[in-house]
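Working from the sequences, and respecting the hints, build out all of it.
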Amino acid sequence: MKLDVSQYFQGVDEQKEYDFSLNLSHIEIDGNTPFKSPVKIRAIINSRIRIVTLKLFIECDANLICDRCLGEYEQSYSFTYNATLVNNANSVGFDEETNEEYLLVVDDEIDIEEIVTDIVLLGLPTKMICSDDCKGLCFTCGHNLNESECKCEHD
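Number 45 in the numbering used here belongs to position 45 of the sequence shown; there are no gaps in the numbering.
No lab work stands behind these hints: they were computed from the structure. Please read these numbers as outputs of a predicted model, since none were measured by experiment. It cannot be assumed that every hint is accurate.
Claimed, not checked - Keeping only pairs whose Cα atoms sit at most 27 Å apart, straight-line, the calculated DSS-like set for lysine-lysine is:
| no. | residue 1 | residue 2 |
| --- | --- | --- |
| 1 | 16 | 2 |
| 2 | 2 | 40 |
| 3 | 2 | 55 |
| 4 | 36 | 127 |
| 5 | 2 | 36 |
| 6 | 40 | 16 |
| 7 | 16 | 55 |
| 8 | 40 | 127 |
| 9 | 55 | 36 |
| 10 | 40 | 55 |
| 11 | 135 | 151 |
To be verified - Distance ranges between label pairs, derived from CB positions:
| no. | residue 1 | residue 2 | range |
| --- | --- | --- | --- |
| 12 | 71 | 12 | 17 to 23 Å |
| 13 | 49 | 70 | 50 to 56 Å |
| 14 | 108 | 129 | 41 to 47 Å |
Note that the Cβ used here is the ideal one computed from N, Cα and C, for glycine as well.
Encoded structure:
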C-alpha cells in the first residue's frame, strides 16, 4: 500500500488524514498466524513550510501463544509513529537531540504497509506471556498448571 506524497513537498501548507486497514494474516510467528483481523491505521500527513511530517496511529489485535503454558490468548496493541519525510538522501537519519526519525521518500511515495508491518512486529514482546501470574507447565508431566495442580511430586 503506497501513498503518493509529492503534493506535500510543493510548499503548500496542508494537513490530511487517511484511514486504512491492513491485512497481516500472512505473517507467521513461531508457526502461529497471530493477526486474524485487519490492523487499523490512521495516518496524518502535515506540510508546513516544506517540512512534511507523518504521524501514524496503529491498533491491532493479536492471537498469541503463551511461552509459559502454551495456551492461546488475545492481546490488543496500540502504536504511535512519528517521522519527518525527506526527499533528499542527504537528510536521512535519526536526530538524537530531538529524537526524530527521518524517512526517505523514494519516487514521491511512502510504503505504509512496510512501515506498519515493521512497527507492529518490532512492538510485540519478545516473550509472549498470557498473564503476569501464569504458572506455566509442569516440568514433569507437562500439565497446564493454570488449569489445576498436577499429581507430580515437586521439590
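Hints the structure violates: just list their numbers, smallest first. 12
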